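Asker: Single-letter residue listing:
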Amino acid sequence: MLAALQAYAREQRLTGQMSLEATMGCGIGTCQGCAVKQADKYVKVCEDGPVFEIGTIDFNIKP
Amino acid sequence: MKKSFAPDLTVRLGDLVLQNPVITASGTFGYGEEYREFMNLDRIGGLVTKAITLQPRQGNAPPRLVETAAGVLNAIGLANVGVEAFLSQKMPFLQKLKPAVIVNVAGSTIDEYVRVIERLETAAGIAALELNISCPNVREGGMSFGADPQAAHTVVKAARAATRRHLMVKLTPNVTDIAAIARSVVAAGADSLSVINTVQGMAIDAVSRRPRLKNVFGGLSGPAIKPLALACVYKVARAVRVPVVGGGGIMTGEDAVEFMIAGARAVSVGTVNFINPRAALDIAAGIAAFCRKEKIVQVADIVGTLHV
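These protein sequences, in sequence, are chains U and V.
Quick note on our numbering: the first sequence kicks off at 28 and runs consecutively.
Quick note on our numbering: the second sequence kicks off at 608 and runs consecutively.
Be aware that a few hints might be false.
Unchecked claim - DSSO-like, lysine-lysine: derived pairs with alpha carbons at most 30 angstroms apart:
#1 V:Lys821 / U:Lys64
#2 V:Lys833 / V:Lys900
#3 V:Lys833 / U:Lys64
#4 V:Lys705 / V:Lys900
#5 U:Lys68 / V:Lys697
#6 V:Lys764 / V:Lys697
#7 V:Lys821 / V:Lys833
#8 V:Lys764 / V:Lys842
#9 U:Lys68 / V:Lys821
#10 V:Lys902 / V:Lys705
#11 V:Lys902 / V:Lys821
#12 V:Lys902 / V:Lys842
What the hints contain is simulated information worked out from the structure, not anything from laboratory work.
Remember, it's a predicted structure, so these values are computed and weren't measured experimentally.
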């Protein structure tokens, strides 16, 4: 859903933010379990998010 | 005997003395500093860092984590800052800690293991190295070294030659005969063994028919693996003379005591840190409570006392 929203936002040139969900192990940034891809690096939903700018998250790596 | 006495929780792993038997497992306790707000870190028995590699590693593509029955599957992929950043950014905090700081070392080649160890060798404040030859989530290195007695011997021998420090080797349960691996690693110069790393597993989403982990396979941990881990510890402790650190699904002090009875001199706690960041202290307190209840003066006395 967020991937579709992000695609729509890009198409319509909308700015905004989105709140992500991910399975978290520790919830405090140590286990690296909740990583998502942003640009060329992985960021942690628990510590670096959960709110990210629309258009910055790479959802293509989801299975 | 006084009604409430303070049992002696000190344990010895060869030259390594721990104020209590509870060590936080690699990959579940970051670089230690993340937990300072939750607890007095000086009271834990020992701390094992995330696996450190020569170069920084971003880790595997997500999803990396999935909860399963009584456990968790992970495929993090040894994400870490690399040895240089570890020494300059993480080690200064660890150096000030009172508990034994054990640095987990990983590599994809023998040369990489040796180069990480050589780089760590001159740093102050490291009590021991834990050689990771058992990670199930990396394509090269990791478990491929730990699943074969000859390959395990070769990498441990190279590591032994590169360090004067206490060398602990962490074994994988994903083998036919863990005792054979243990004997081979001890013959190559290991000072102690850490038993066990995670158990390879996978999870599937039936509707999408896709694996729940992008890496397809992951390492299973948590209470689901405790019986399996106990059997491994018992087998290894009977096969070698060096001290064994036992772990796999420990949640309580009594769980820890069971591992010690099976032959572990100390225990490592991992997944429980994700439920309770203070778990290492609570489990040590649980061990003390057990000793008081059972009138055990020194916890070390219960090691390997299984009645069969």
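Asker: Given the hinted pair Lys764 (chain V) and Lys697 (chain V), is their alpha-carbon gap at most 30 angstroms?
Answerer: holds (28 angstroms)
Asker: Lys833 (chain V) and Lys900 (chain V) were given as a pair; does the straight-line alpha-carbon distance stay at or below 30 angstroms?
Answerer: Within the cut-off at roughly 24 angstroms; holds.
Asker: Take a quick look at whether Lys902 (chain V) and Lys705 (chain V) sit within 30 angstroms of each other, Cα to Cα.
Answerer: holds (28 angstroms)
Asker: Verify the proposed pairing of Lys833 (chain V) with Lys64 (chain U), using a straight-line Cα cut of 30 angstroms.
Answerer: violated (34 angstroms)
Asker: Can the restraint linking Lys68 (chain U) and Lys697 (chain V) be considered satisfied, given a maximum Cα separation of 30 angstroms?
Answerer: holds (21 angstroms)
Asker: Take a quick look at whether Lys821 (chain V) and Lys64 (chain U) sit within 30 angstroms of each other, Cα to Cα.
Answerer: holds (13 angstroms)
Asker: Taking 30 angstroms as the top limit, are the C-alpha atoms of Lys902 (chain V) and Lys842 (chain V) close enough?
Answerer: Given that 30 angstroms is the threshold and the Cα spacing comes to 28 angstroms, the pair holds.
Asker: Given the hint that Lys68 (chain U) pairs with Lys821 (chain V), test it: the Cα-Cα distance must not exceed 30 angstroms.
Answerer: holds (16 angstroms)
Asker: Has the given pair, Lys821 (chain V) with Lys833 (chain V), been kept, meaning a C-alpha gap of at most 30 angstroms?
Answerer: holds (26 angstroms)
Asker: Hint check: Lys705 (chain V) vs Lys900 (chain V), CA-CA at most 30 angstroms. Holds or violated?
Answerer: Satisfied, since the Cα-Cα distance of roughly 28 angstroms is no more than 30 angstroms.
Asker: Between Lys764 (chain V) and Lys842 (chain V), is the straight-line Cα distance small enough, at 30 angstroms or below?
Answerer: Holds: Lys764 (chain V) and Lys842 (chain V) sit about 23 angstroms apart, inside 30 angstroms.
Asker: Check the hint pairing Lys902 (chain V) with Lys821 (chain V) against an upper bound of 30 angstroms on the C-alpha distance.
Answerer: violated (50 angstroms)
Comparing the model with each numbered hint stated earlier shows that hints 3, 11 do not hold.
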